[in-house]
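Sequences listed follow chains P and F, in order.
Residue numbers 1 to 75, in the working numbering, belong to the letters of the first sequence in order.
Residue numbers 1 to 254, in the working numbering, belong to the letters of the second sequence in order.
Hints listed in this document are in silico derivations from the structure and should not be mistaken for laboratory results.
Watch out, some of these pointers could steer you wrong.
Unchecked claim - Straight-line alpha carbon distances no greater than 20 Å define the calculated DMTMM-like cross-link-like pairs of lysine to aspartate or glutamate that follow:
{"#": "1", "chain 1": "F", "residue 1": "K10", "chain 2": "P", "residue 2": "D69"}
{"#": "2", "chain 1": "F", "residue 1": "K92", "chain 2": "F", "residue 2": "E221"}
{"#": "3", "chain 1": "F", "residue 1": "K105", "chain 2": "F", "residue 2": "E95"}
{"#": "4", "chain 1": "F", "residue 1": "K105", "chain 2": "F", "residue 2": "E93"}
{"#": "5", "chain 1": "F", "residue 1": "K72", "chain 2": "F", "residue 2": "E221"}
{"#": "6", "chain 1": "F", "residue 1": "K105", "chain 2": "F", "residue 2": "E11"}
{"#": "7", "chain 1": "F", "residue 1": "K92", "chain 2": "P", "residue 2": "E10"}
{"#": "8", "chain 1": "F", "residue 1": "K96", "chain 2": "P", "residue 2": "D4"}
{"#": "9", "chain 1": "F", "residue 1": "K17", "chain 2": "P", "residue 2": "D4"}
{"#": "10", "chain 1": "F", "residue 1": "K252", "chain 2": "F", "residue 2": "E93"}
{"#": "11", "chain 1": "F", "residue 1": "K10", "chain 2": "F", "residue 2": "D65"}
{"#": "12", "chain 1": "F", "residue 1": "K96", "chain 2": "F", "residue 2": "E11"}
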Amino acid sequence: MNNDTALLMEYLPFLLPLIILQLGLAIFSAIHVVRHPHYRFGNQIMWLLIVLLIQFIGPLIYFVFGRGDDNSRAN
Amino acid sequence: MNQWFGFLKKEWFESVKTYKLLLVIVIFSILGILNPFTAKITPTLLEQFMPEGTFVNLPEPTALDSWLQFYKNVPQMGLIVFILLFSTMMSKELEKGTLVILLTKGLHRSTVITAKFFMALCYWTLAITLSFTITYAYTAYYWDQSQLQHLLFAVSCLYVFGILLLAVTLWGNTLFATPYGGTLVTLLVVIALFIAAIFPKSANWNPLELLTATTQLLTGELTPSDLWIPYIIALFAAIFVVLLTMTHFKRKLL
Numbered sequence: 001m002n003n004d005t006a007l008l009m010e011y012l013p014f015l016l017p018l019i020i021l022q023l024g025l026a027i028f029s030a031i032h033v034v035r036h037p038h039y040r041f042g043n044q045i046m047w048l049l050i051v052l053l054i055q056f057i058g059p060l061i062y063f064v065f066g067r068g069d070d071n072s073r074a075n
Numbered sequence: 001m002n003q004w005f006g007f008l009k010k011e012w013f014e015s016v017k018t019y020k021l022l023l024v025i026v027i028f029s030i031l032g033i034l035n036p037f038t039a040k041i042t043p044t045l046l047e048q049f050m051p052e053g054t055f056v057n058l059p060e061p062t063a064l065d066s067w068l069q070f071y072k073n074v075p076q077m078g079l080i081v082f083i084l085l086f087s088t089m090m091s092k093e094l095e096k097g098t099l100v101i102l103l104t105k106g107l108h109r110s111t112v113i114t115a116k117f118f119m120a121l122c123y124w125t126l127a128i129t130l131s132f133t134i135t136y137a138y139t140a141y142y143w144d145q146s147q148l149q150h151l152l153f154a155v156s157c158l159y160v161f162g163i164l165l166l167a168v169t170l171w172g173n174t175l176f177a178t179p180y181g182g183t184l185v186t187l188l189v190v191i192a193l194f195i196a197a198i199f200p201k202s203a204n205w206n207p208l209e210l211l212t213a214t215t216q217l218l219t220g221e222l223t224p225s226d227l228w229i230p231y232i233i234a235l236f237a238a239i240f241v242v243l244l245t246m247t248h249f250k251r252k253l254l
């Protein structure tokens, strides 16, 4: 057990920023998905799953291809 | 010139509002941290998952391992991310028809192309600088990098190849005016370069060599003088493709 904590501490300088960035991006995108319920295609649940489960490619796909315009003709 | 900067400013605000800046900064920081992390943790991971009693003699990771990860992750993941991010830069405006208003007011069509390309170029510079600096900082902290050769030249090879792909994406995107057109054309170009790379002689000129030769550059097996032909070809091809895009766009009906 002691060994594991030492290992964790050793990699903390890597893990901490990685976790913050990945989680931050996922949460930010998830909030965006919920608050802007117009998508070019697909539905809310699909985009939520994509954004939360696929690491950093998911949010990218959502913002580039899935995000609808705020003032677009709703379809 | 005033017009050009005005349009550039509009492009900048648009890219911030469509979250491109955020995505580039976050994703390329992640990529930058991942490289030294993967290099450092791989031996430990293997040790942990080996069955009890097996003896494996794993060499200690070195600075070279960290940079090998960099030249594996950034050209693959980084370039894919970047091309996807900028694959809609023309088609979005062509689809919505927002450019028509500006063009009828007297905006030059060449301004549109050059400003858009310049903006994407700025983002690519930011992305490469960010992940390079982060990887460099971590690697310098954990390992001794003194035996590595041509570190900056190697990353500039990657940079130039990225510029070429960016130009191709812009061209495909303008030509087909669909979000997928640009990505598809870029994919085809990369496949064509890979096919050309099957023939050993093509290594003299193939811009793909800029990506594959980086490892040998770092270990010192190759020197920058071996790579100047692909380097120049990639740069000129990028300029040529941008000019081609401009002539295409001038003749395009909106």
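These are the hints, each one checked on the structure:
1. F:K10 to P:D69: 17 Å, holds
2. F:K92 to F:E221: 45 Å, violated
3. F:K105 to F:E95: 19 Å, holds
4. F:K105 to F:E93: The hint holds at about 16 Å.
5. F:K72 to F:E221: 18 Å, holds
6. F:K105 to F:E11: Answer holds: K105 of chain F to E11 of chain F is near 17 Å, not above 20 Å.
7. F:K92 to P:E10: Distance ~46 Å between K92 of chain F and E10 of chain P Cα, so the pair is violated.
8. F:K96 to P:D4: Between K96 of chain F and D4 of chain P the Cα gap is close to 55 Å, so the pair fails against 20 Å, i.e. violated.
9. F:K17 to P:D4: 43 Å, violated
10. F:K252 to F:E93: 14 Å, holds
11. F:K10 to F:D65: 42 Å, violated
12. F:K96 to F:E11: 15 Å, holds
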